[in-house]
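Peer 1: Per the working numbering, the sequence shown starts with residue 4, numbered consecutively.
FYI, nobody ran anything at the bench for these hints, they're computed from the structure. Remember, it's a predicted structure, so these values are computed and weren't measured experimentally. Watch out, some of these pointers could steer you wrong.
To be verified - Here are the simulated BS3-like cross-link-like pairs (lysine-lysine), alpha carbons at most 27 Å apart as the crow flies:
{"#": "1", "residue 1": "Lys-232", "residue 2": "Lys-222"}
{"#": "2", "residue 1": "Lys-372", "residue 2": "Lys-382"}
{"#": "3", "residue 1": "Lys-504", "residue 2": "Lys-129"}
{"#": "4", "residue 1": "Lys-385", "residue 2": "Lys-129"}
{"#": "5", "residue 1": "Lys-315", "residue 2": "Lys-504"}
{"#": "6", "residue 1": "Lys-463", "residue 2": "Lys-129"}
{"#": "7", "residue 1": "Lys-382", "residue 2": "Lys-129"}
{"#": "8", "residue 1": "Lys-222", "residue 2": "Lys-236"}
{"#": "9", "residue 1": "Lys-222", "residue 2": "Lys-315"}
{"#": "10", "residue 1": "Lys-129", "residue 2": "Lys-315"}
{"#": "11", "residue 1": "Lys-315", "residue 2": "Lys-232"}
{"#": "12", "residue 1": "Lys-385", "residue 2": "Lys-372"}
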Amino acid sequence: MKDGVNGVALGVFVFFFLAVTVLGFLASRWRKAENEHSLDEWGLGGRSFGTWITWFLLGGDLYTAYTFVAVPAAIYAAGASGFFAVPYTILVYPLIFTFLPRLWSVSHRHGYVTTSDFVRGRFGSKGLSLAVAVTGILATMPYIALQLVGIQAVLDVMGVGGGEDTNWFVKDLPLLIAFGVLAAYTYSSGLRAPAMIAFVKDTLIYIVIAVAIIYIPIKLGGFDEIFAKAGEKYTAAGAGGIVPAPAGQWTYATLALGSALALFMYPHSITATLSSKSREVIRRNTTILPLYSLMLGLLALLGFMAIAAGVKVTNGQLAIPQLFEDMFPDWFAGVAFAAIGIGALVPAAIMSIAAANLFTRNIYKDFIKPDATPEQETKVSKLVSLLVKVGALVFVLTMDKTVAINFQLLGGIWILQTFPALVGGLFTRWFHRWALLAGWAVGMLYGTLAAYGVASPTQKHFGGSAKEIPGIGEIGYIGLTAFVLNVVVTVVLTFALKALKAPDGIDETTPADYTADAGDPGVEVELPPATAGTSH
Numbered sequence: 004m005k006d007g008v009n010g011v012a013l014g015v016f017v018f019f020f021l022a023v024t025v026l027g028f029l030a031s032r033w034r035k036a037e038n039e040h041s042l043d044e045w046g047l048g049g050r051s052f053g054t055w056i057t058w059f060l061l062g063g064d065l066y067t068a069y070t071f072v073a074v075p076a077a078i079y080a081a082g083a084s085g086f087f088a089v090p091y092t093i094l095v096y097p098l099i100f101t102f103l104p105r106l107w108s109v110s111h112r113h114g115y116v117t118t119s120d121f122v123r124g125r126f127g128s129k130g131l132s133l134a135v136a137v138t139g140i141l142a143t144m145p146y147i148a149l150q151l152v153g154i155q156a157v158l159d160v161m162g163v164g165g166g167e168d169t170n171w172f173v174k175d176l177p178l179l180i181a182f183g184v185l186a187a188y189t190y191s192s193g194l195r196a197p198a199m200i201a202f203v204k205d206t207l208i209y210i211v212i213a214v215a216i217i218y219i220p221i222k223l224g225g226f227d228e229i230f231a232k233a234g235e236k237y238t239a240a241g242a243g244g245i246v247p248a249p250a251g252q253w254t255y256a257t258l259a260l261g262s263a264l265a266l267f268m269y270p271h272s273i274t275a276t277l278s279s280k281s282r283e284v285i286r287r288n289t290t291i292l293p294l295y296s297l298m299l300g301l302l303a304l305l306g307f308m309a310i311a312a313g314v315k316v317t318n319g320q321l322a323i324p325q326l327f328e329d330m331f332p333d334w335f336a337g338v339a340f341a342a343i344g345i346g347a348l349v350p351a352a353i354m355s356i357a358a359a360n361l362f363t364r365n366i367y368k369d370f371i372k373p374d375a376t377p378e379q380e381t382k383v384s385k386l387v388s389l390l391v392k393v394g395a396l397v398f399v400l401t402m403d404k405t406v407a408i409n410f411q412l413l414g415g416i417w418i419l420q421t422f423p424a425l426v427g428g429l430f431t432r433w434f435h436r437w438a439l440l441a442g443w444a445v446g447m448l449y450g451t452l453a454a455y456g457v458a459s460p461t462q463k464h465f466g467g468s469a470k471e472i473p474g475i476g477e478i479g480y481i482g483l484t485a486f487v488l489n490v491v492v493t494v495v496l497t498f499a500l501k502a503l504k505a506p507d508g509i510d511e512t513t514p515a516d517y518t519a520d521a522g523d524p525g526v527e528v529e530l531p532p533a534t535a536g537t538s539h
């Protein structure tokens, strides 16, 4: 580890950071809208993005700084079990091919901005819509915090901010500056800012990974040497080698499956999806997004390289930034750090916009001010996006980084519980709204209590996301167990409530809504100013 500030790397990092900051503010003039005072424009980019922009936006949205840092860090710490992120991103694309085009169509026709808008319209239940909205906001907050953790990891390795004994304000000042810039251009430009910056972010990441996967193995003596040293480390640590023991296979499989089901339940994933201009754009993207899975597989190998390079860190999240610092020339280390830093800004912006849209449409408009105008909705959403980022910043500055990671794991357990209402509702109206709400409550309660009981070396509670599966005895992903309980309760109660003839909500959608495309009769390509951003 180099002493002091790496001036060259910092200079390159600052250059790219300033470049994307300028892009972020210029984005407000990109595809300038006739009516800027609507959530369609600020929160969804005018629903105007084509295949190319949507691909970069979704990639920038899903493959974050946390991905860049945490996936190889998991390999560095635990071996091949950390590769679960690769199969789950492979599983997710056939899955979303089946339901995302349907969600885009019905949302485009009715002007839905959030998943909760759809749930309310489909099941006629503001209570169920509120549950989905609150879950989305709660799950998103720690996710934003982790993007800031990614920036902080890069700053730490570059030696910026001083040591642990430095005054807290001086130490955290670079992060505060990055946060301020992010908040400013998100407020100004909305979703157009991360859409434009995503081009730079993804290009840098592809360049860094391509160079790393060739350059670092050459310096370390090839992949045979890398895997041999990694195997020695895991064997010496009592892990039995690179490949996990059979006892860990249930954990690996359930975590991959549960994560695949949960990924596109996150509000930011849906926000990026609904910003596209046609149903066909979504279908195309589900076929080309797996290119990011290839990148992710190569990225994961950096964890083995960090071991072979002799990287020693007390915080595993610093392993890959430290690998870049040790192995690359200073100028290219700066490029790599910029890729991670910008990789945090793009998803953090989209996440804050998505959380703000949920609050505005499904809490503020539904329960506080039903007659809110599109201009008022946009103003509230901008303000809430700032508050969400402030909350994430406070989370990072006041809590241990391990806590932030474990709360993000808890967020994954929570967001998976919205799957029956969202995906189920896209294909059938059979589920009863009260049954869906009860299933959601059971899944949330079980998942939270089970995660609370998991300890780790650093935490007494919320120390992980795996626990013994009731009735099976194997260790598995808590979120998937909670999801199964959720579905069982939903199905059983639906039968019971239908037998009792309990009142069902009004479905404002029609079968034709789920296959409509832009330009089809009845599809609202551009909402008039008086109703823009409202559901019908």
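Peer 1: Now tell me if each hint is right for this structure.
Peer 2: Here is how each hint holds up against the structure:
Between the alpha carbons of Lys-232 and Lys-222 the distance comes to roughly 14 Å, so the proposed pair stays at or under 27 Å and holds. Straight-line distance between C-alpha atoms of Lys-372 and Lys-382 comes to about 13 Å, which keeps the hinted pair within the 27 Å bound. Under the criterion of a C-alpha separation no larger than 27 Å, the hint pairing Lys-504 with Lys-129 is consistent with the structure, at around 20 Å. Between Lys-385 and Lys-129, the direct Cα distance comes to roughly 23 Å. Compliance with the 27 Å bound is thereby established for this hinted pair.
Restraint check: the Cα-Cα separation between Lys-315 and Lys-504 comes to about 64 Å, which exceeds 27 Å; the hinted pair is violated. Only pairs whose Cα atoms come within 27 Å are accepted, and Lys-463 paired with Lys-129 is rejected, the gap being roughly 37 Å. A distance of roughly 22 Å separates the Cα atoms of Lys-382 and Lys-129; the hinted pair therefore holds under the 27 Å criterion. Only pairs whose Cα atoms come within 27 Å are accepted, and Lys-222 paired with Lys-236 is accepted, the gap being roughly 19 Å.
At roughly 18 Å between alpha-carbon atoms, Lys-222 and Lys-315 fall within 27 Å of each other, so this suggested pair holds. For the given pair, Lys-129 sits about 52 Å from Lys-315 by alpha-carbon distance, which is inconsistent with the 27 Å threshold. About 14 Å separates the Cα atoms of Lys-315 and Lys-232, which keeps this hinted pair within 27 Å; it holds. Annotation: proposed proximity of Lys-385 to Lys-372 holds, straight-line Cα distance about 16 Å (limit 27 Å).
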